[in-house]
Amino acid sequence: MSLFVREKPFYHSFFALTIIIGLQNMITFGVNLSDNFLVGGYSESALSGVALANQIQFVLQMLVMGVGEGLVIMASRYWGAKDIPSIKKIASIGMRLSILVGLIIWAVVFFFPEGCMALFTNDTSVIHEGTKYVQIICFSYIFFAITNILLATLRSVETVKIGFILSSSTLIINICLNYLLIYGHLGFPELGIKGSAIATLAARIIELVIICLYVKRFDRKLMLKLHDFFKMEKELLKQYIKIGSPILMSNFIWGVAMAIQTAILGHMGGTAIAANSIATTLFGIVTVGIYASANATTVVIGKTIGKGDMDKIRAYAKTLQILYLAFGLFTGLILFILKDFVLDFYSITAEARDLSLQFMIVLSITVCGTAYQMPALTGIVRAGGDTRFVLYNDSIFMWLIVLPASSLCAFALHLSPLMVFICLKSDQILKCFVAIVKVNRYRWIRTFQSPTDKKEDEVLPVS
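Numbers given in the working numbering equal positions in the sequence shown, counted from 1, plus 717.
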């Protein structure tokens, strides 16, 4: 069997989805990067405050993404079967769950802002700056949740260009308002870190308005209406819980674990916080293609299964794995090349600069592992319906290996921030060995039936 699929539609679909979703993700990360650049030029304590506050946003993002991923896995199969009514009902389930998640996190942050910040660091100046930021930014959580479920619904039917347009608008608005409100240009008040929060909140509101107008006026595949989100199908809800709950739990565990990782570095001082913020923000920018490839994989594999083309799955999986490795090598090289250039934009101490460089060198190596195992597991395996495996795998690596070992290095052995950071990122390489075995055994395809079909789900063989 050839290593590469010889079907133009496969490559057209995969690369078209990857490129558009990647551009959207790049601009989305650009919003965070603009906050980091502009706030980082204001003061280091403000940069650290925003960095820690964004860990809460990251937890929200992981949960909303978890809801959206479950939606896309199911809806893409129904898209392959051209079952539009079921897609609308799945979108309703996802929207309700996402809004609930946004409301819960808003309530926690709004009523306990200082307590939330104190979870990540004991530096009082950083807590003070971060508190000012989250008291405003928490109001953007609901807007963010609704927007991303609408985008996930459209992505499941291969409508992705609106996401790029939406993110572009958000980036431009956010940068302009940041410039005006952080430093007080053109007659606006100098609000510092509060100005950054107001800018992002305004951008999120405008973002939601744009996506709602698109859904109402321009979408012709689903033609969603407001009343569609009030419909609920009991059997689809059961399917969603079975397929989506492991993803939601996995993303929640991952989001909390990332916040704990930041807290471990945060308790090693403000320099470590700033260095981690800079390194991981650049990492997020250059890895957009990797995360986009996972999203594209979910749609391609899900649609193929929905159409019943089971004979193509093995060839698709082999080709995708090779593409992932190529993405990883390219991304690692880009990250290594850009590391010095990016640091010139920050007003930080020499110590923070040196530590940022070290962190970015580590990430330029571990990204090769991330590029393979993450889309292989969250793209191929999850799209096949085996969503529980990723939950178990992430839980074991994160909670039984990475976090205990990193805590030991930081608080018992008192190793340097660099050694702790290496320990925190080690799972990205270790998971590759699991991914290779899991994907190439081809026992990850699970059927789920239409609401009118009462047959039990089953594991399908792949020829």
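FYI, nobody ran anything at the bench for these hints, they're computed from the structure. Ideal Cβ placement from N, Cα and C applies to all residues, glycine included. The reader is advised that the hints may include incorrect statements.
What the hints assert, rightly or not - What follows is a list of derived Cβ distance ranges for each label pair:
1. Phe732 <-> Phe1053: 21 to 27 angstroms
2. Leu836 <-> Lys951: 35 to 41 angstroms
3. Phe1047 <-> Lys942: 38 to 44 angstroms
4. Leu1046 <-> Trp1116: 25 to 31 angstroms
5. Tyr1159 <-> Leu1042: 15 to 21 angstroms
6. Trp1116 <-> Arg934: 28 to 34 angstroms
7. Ser1112 <-> Arg1160: 19 to 25 angstroms
8. Ile1082 <-> Gly904: 22 to 28 angstroms
9. Ile958 <-> Phe1128: 34 to 40 angstroms
Legend entry - Enumerated hints in conflict with the structure, sorted upward: 6 and 8
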